[in-house]
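Q: Taken in sequence, the protein lines are chains D and P.
At position 115 of the first sequence the residue is numbered 115 (my numbering), and the sequence of numbers has no breaks.
At position 71 of the second sequence the residue is numbered 71 (my numbering), and the sequence of numbers has no breaks.
Zero decoy hints are in this set.
Derived DSS-like pairs (lysine-lysine); straight-line CA-CA distance at most 25 Å:
1. D:K109 with P:K77
2. D:K104 with D:K160
3. D:K87 with P:K77
Source of the hints: derived by calculation from the structure; they are not laboratory data.
Remember, it's a predicted structure, so these values are computed and weren't measured experimentally.
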Amino acid sequence: MRKTSTQRVSELCLKTGYLLISGGAESYRIEDTIERIGKSLGHVVHCYVTVTAVFVEVDGQNSKFIKSTLGGTNLQMIDDINTLSRKLAEKTINPKVFTEEIEKIYQDKHTTDFPFYMKAIGAGFVSMAPMLLFTMPLYYFIYCFIVGTIGYGVSYYLAKLSNMPYADLFISGFIIALLSILLSHFGLVDQYHNIIIGAIMPLVPGVAITNAIRELVMRHALSSAVKLLDALLVASSIGFGIATALILF
Amino acid sequence: MIALLLNLVLSAASAIGFSLITNAPHRAAGIIGVTGGLSWTIFWVLKNWAHVNILFANFVGALTIGLLTYYLSRKFKLPENIIYIPCLVNLVPGGNAYRTILYMVQNKYIDSLEQAITTFLIASFLAVGLFSAQYLISLAKGVIYFRKIKR
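Isolated chain P (complex conformation) (with noise of 0.2 Å):
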């Protein structure tokens, strides 16, 4: 139970401090913090207590992204992608990207290759998972639509 809210408190901070690099405005930053550490905490849930797949544990934390950004952007009328991208850096994979370097300098060649496809298979997930957050709310949205127009 420690260690989540460790890790709640620890990838709110992250991402406020991403968004202080790329000079966020200052009323964003609470919203940064709520969707960065959520969306985080879901992931490391999935991944070391459900033991799913690493790459679904990814999608899911991306989808928390997209939908979570797309009600709070609404709400405080701020653009999308100030919100977007601090929260993203907590996901992205950094250590398997070091590993291609790291692999590829010891002559270890085969292993870079394993770590490069991992690399991009997780990127390429987190990818979907925003998209499909994008896709999911224009569904939604058509279905209401539609209802609207039948009555």
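Just chain D, with the same shape it has in the complex (with noise of 0.2 Å):
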């Protein structure tokens, strides 16, 4: 079997670290994934991961480097890539067909990806968690559920019309915290807190939180504290939301 270039290598891991960075997985695995598919093509691959780049060097002789973003989540992709780097690992596929995969992933950077209602009603079943903690009456599971499939809808339609950060979870916490307070206004619940919190519970960044957290035990400082505070801005943007909606009202 032939090696394959080191410049393709090169480029293969870059892709492979962008993808793997836009999909949330934590640096350390990244870096793993990365040096075991130059592993596996027959290479010694060193890479290094922050979360706005992924620097990557193949045989002492070629460097690069590419830019990403922070944010984004999509288990499928970093699921995807996994499948297809163990693959390979065991050779069950070869290199050029795995290079042709990423490469297809790269330029869609689309995977399958549930409809719209689906991540809604998720959103409703994720909101209705923290009322089992309160012990409510089984009516405000109800509510709770729908004030939560909105907040969680105008947050996905806001993020889609616009790039800007934060301000969607700013607006969508303002209209789950107004939801609440009118419920309580018509008489139909009693404490629109309890609702309150069980709504915002789809927004929270808890990929954000749990990545930090593990990459802060691995002792990967730099891309861990990037995430706590990209978490904490984004939790204190839904937080200020809410108390926009708290004071006026």
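Join the two chains into one complex using the hints; note that each chain is given alone, in its own frame.
A: Written as structure tokens, this is what we have:
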């Protein structure tokens, strides 16, 4: 079998790293995956990943880097690339097929996705979980489901309309608080605070916080700090949205 | 007993719901449901029936997630990340974080600070639980490794 050239390998590794970052993987896992891919293609690859860039060096000759942006979660993409690299390591697919598959994902920047209504229903279910903690009557669950679905839908469409970060979360936090206060105005619920707590659950930056903690434990302090700061900003923008509604009404 | 069943079902549904939002692969849905449901139920039983400290209950919940994730991700060949994230969402201290903001708005700064500290403590105990799971596993691996060498 002919060896793939260092040029090709470095490009392949960069693209894989970029896709994994945009899918929301932890940085130490990305480094591990890329070095494994290089190993199974017969090259020595060194790799360094921060949240906003990937640096790759192949065989001590060819070094490159690619810029990427923070944010975005797509666990399907992580799983796809993981499966591909595992197959490559087990030699069930040859390097050519692997390169083509990665190129395909990189061109589309898109994997199989759930339709919007499924995600909205999922958001509704997520909103119902905190009600279990407070042991609320059953009709609270239904209101929480509705408000959570609306809040998630608003943030989903606002994120599609504009690239400005944090603003969509501020607005959806505001709308969730507004709806909950309206519910209590009409006498449907007594404690609108619990409805708000449930409905903001789908917007909580769970991925960023979990990854940040795991990276901190693995001593990748740089990317961990960036992610933690981002998560804090996301959480406080939701909080200030709610606070605005609470002050106004 | 019915309350226990309701908790199990709803927390599993919630974990699967978050996995839909983050676009987890289809084949992981059942695994996420089992892990999320079990960890939440253990947390809930410890908190409401055994009346232990909420910090310890969170710790045990996170430990359960860590151990189950290690086993299931190896068995079904999934990245650990995919199982961790949706299951942890149930245990996130959203209520305390919300009350921090609420009291701040109502000019009750002392209460707000109290809630902020509680939020931080719960979050860090979740992290400690996850880390302990990893540590226990690596410790067990080390013990098995050295036993093999001796023989």
